[in-house]
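Enquirer: Sequence:
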Amino acid sequence: MKKIIFVAVTLVFSFLLLTGINAQDGTIPGDVNGDGVVNILDLTYVASHFGKNVDPAQTPNPDVNGDSIVNILDLVIVASMIGDSTSEISTLIFGRGGDSVTLDPSQMLDGESAKVCDMVYDTLVQYRGATTDIEPALAKMWESSADGLMWTFHLRQGVQFHDGTPLNANAVVFSLNRPNALSRSFYEEFIDRITALDDFTVQIHLKTPYAPFLSTMASSENAIVSPAAVAHFGESFANNPVGTGPFKFVQWDRNDQIVLTANHTHWAGKPEIDRLIFRSIPDNSERYMELQEGNIHIMEFPNSDDLATIRGDTRLELLMQPSLNVGYLAMNMEKPPFDNLKVRLAINHAINKAEIIERLYQGTGIPAKGPIPPTLWSYDDSIEDYAYNPELAKQLLAEAGYPNGFETTLWALPIPRPYIPNGQALAAALQSELRNIGIVANIVTYDWRTYLDKTEVGEHDMAMLGWSAGGDPDSFFYYLLSKTTAQKPALNIAFYKSDEMQEVLDRARMSTDRSERIELYQQAQAIFHRDVPWVPLAHAQRLLVIDRNVQNLKLAPVGWKYLRSVSLESE
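Residues 3 to 573 in our numbering are what the sequence shown spells out, letter by letter.
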C-alpha cells in the first residue's frame, strides 16, 4: 500500500513539475537529447545518470526537473511523456555540407563553425542586412577619437548571456582579450589595451590607426562570450557555447547535427522559429534528396546539374546572391618545385579555368584572376588573367628544369564550400589539365578538421581552399597573403612571404584615406599577379535552395545572420 501511495504522489508531483518546465522555450521537458521526440533514448540517458548530481549547464541534461540530482522523479517525467513530440513547435532544419570544427569564436577558422556561432553569439557591431554597412549590436553606440586611436563603445543594458549572467563591460574586455586564432595579427599589431570605463562602457586603444577596425569588430571571431561559462567549461567551452545570441545551444552530435533553441529574451526580439537544427550531410545529392522528401527546409551547395530541376520544382526556391569570396589552389612555396616562379606560372597556364567554371558552376560562378572579387572596392579589372596555353606551360616547365614534368599531390576539399561547391569534381578536372603538361597530381583528401589542421602547418604540396570575408580588401589580402599569416599555424597556406607585398599591405591597413588605399590594393593585385602563389579559381554566387514554406530569408554577402529573421509557414 505504501508503495502505491508513493508512486501516486510521485506521479502527481511530476505532473505539477511538468506544467512549469521549459514552457518559455516551447520544448518538451522529457526530450533530453533535443531530437524533437521523447523516446527510449531519453529514458536510457536519464537512467544512466541515476543518483548523480548534475551541473545545470550540462548538455544534454538528464536532470529533467532541475533539482540538481537525477532521481526517480526524472525517470517518471520522461517515462510519462514517451511518444510526445515537438510537432507543434516550429523547427527549421538547415542541411549543410559539413560539421563545425569548434563553437568557440576565438578558435574559429572555418565557415561551418562561424555559421553556428553567428546564431549563438553577438558582436559589438554587425553588418546591416544584405549590405556591408555597420550597425549597432551589443554596442548601442560608439565614437572614436580624431586620430582614430581610441574607440569607445556604449553597451546595451539588461542583456544576459544564455547562462543568466549579465553582459557588461568586463565580459567584453574578457572576450576580446582571449587569444584569437583568426585575428591574432590584428590584436598583436594594433591593440594597445582594452579597458572597462564603467559597467557598460568599453574603450579600445589602438597602437596605430587601423582602417577596417569596425568591420573587424563585426566579424564572428570577435563575438562576446560568457566569462562564467568559459571558466566553468575550460577547454570544453568549444563544445558548450554560451553567448547572448538569438539561439541557445542545446546539443551537438558530431558529424550529424547541432541543435539550438530560441532565446526568447534576445535584445533584438525573439526569433520566429523555436528550434534551429544544423544537419551535416556531406553529399550534395543526398542533401538535395532530403530536401525533396521534406526532411530539411534549407540546403546549401546544390550540384550544378540539379539547378534546372530545382528551378522547375514549384515546392522549392533557388536563392542567389553575389558574395565576397574566392576559391583558389594554393601552391606551397616552402616545397620545391613550387618555390620556382616558372613552375607556378606553368600551372596557371595549364588550367582551362573558364571551361571548368562553366561546367562545374553552371552560371553560379565566374573565373577569378586575383584574390579579391570584382564586387569589392579597389578591384583592378585591367589585370589580364593568364591565358590557357598548355604549350607555353610545357615550355615554362622545361625552362624551370622539369622537361618531363613531375609528380606531386593535389589536396581536394572534403566538403562543399561557398567558393568551391564540389571539391572532388574540381580536383579531377585540375588533375586532368595538369596531366596534359606532364604533372602527375595524386589527389589527397581528409576530413574537414584534419584537412585544415594539416594545411595550416604546410603538409600539402598544392591544396584547394577559399575565403569568404567582409567588405574591406584587408580581410582578403592580409589574412591570405601576408608574411604574418604565413606563420604556422597559417592562414596563408601558400606560405608566400614577400617583403614588397607586406609593405604595401601594412600601409594600406593603416591608411584612412580611401583613395590611397585603393591605389595600394591595386599595387597588391599587381604583385600577386606577378608572383602567382595561387591559381585563383573562382568567385561564386551564394546559393541556397529552400522549401517554399521558409519565409523572410534574404541572403547577405557576409556571414550567416540572415537566418536570424527566418520564419516557417505552416503546411
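In short, the hints are calculated from the structure, not lab data.
Ideal Cβ positions, reconstructed from N, Cα and C, are used throughout, including at glycine.
Treat the hints loosely; a few may be bogus.
[To be verified] The calculated label-pair distances, taken between Cβ atoms and stated as ranges, are:
1) 291 with 360: 21 to 27 Å
2) 130 with 307: 43 to 49 Å
3) 520 with 426: 35 to 41 Å
4) 426 with 518: 42 to 48 Å
5) 191 with 316: 52 to 58 Å
6) 142 with 517: 57 to 63 Å
7) 152 with 426: 47 to 53 Å
8) 197 with 274: 50 to 56 Å
9) 160 with 513: 51 to 57 Å
[What the hints assert, rightly or not] Computed cross-link-like contacts, DSBU-like style, restricted to lysine-lysine with a CA-CA straight-line distance of at most 35 Å:
10) 337 with 490
11) 563 with 272
12) 209 with 556
13) 485 with 499
14) 499 with 142
15) 563 with 456
16) 490 with 456
17) 499 with 209
18) 456 with 344
19) 563 with 117
20) 117 with 337
21) 556 with 272
22) 499 with 456
23) 485 with 117
24) 209 with 142
25) 209 with 344
26) 337 with 499
27) 344 with 142
28) 456 with 209
29) 117 with 142
30) 117 with 344
31) 209 with 563
32) 142 with 337
33) 563 with 344
34) 456 with 142
35) 54 with 485
36) 490 with 344
37) 563 with 490
38) 272 with 485
39) 490 with 117
40) 485 with 456
Enquirer: Hints broken by the structure, by number, lowest first?
Expert: 2, 6, 8, 9, 12, 14, 25, 27, 30, 32, 33, 34, 35, 38
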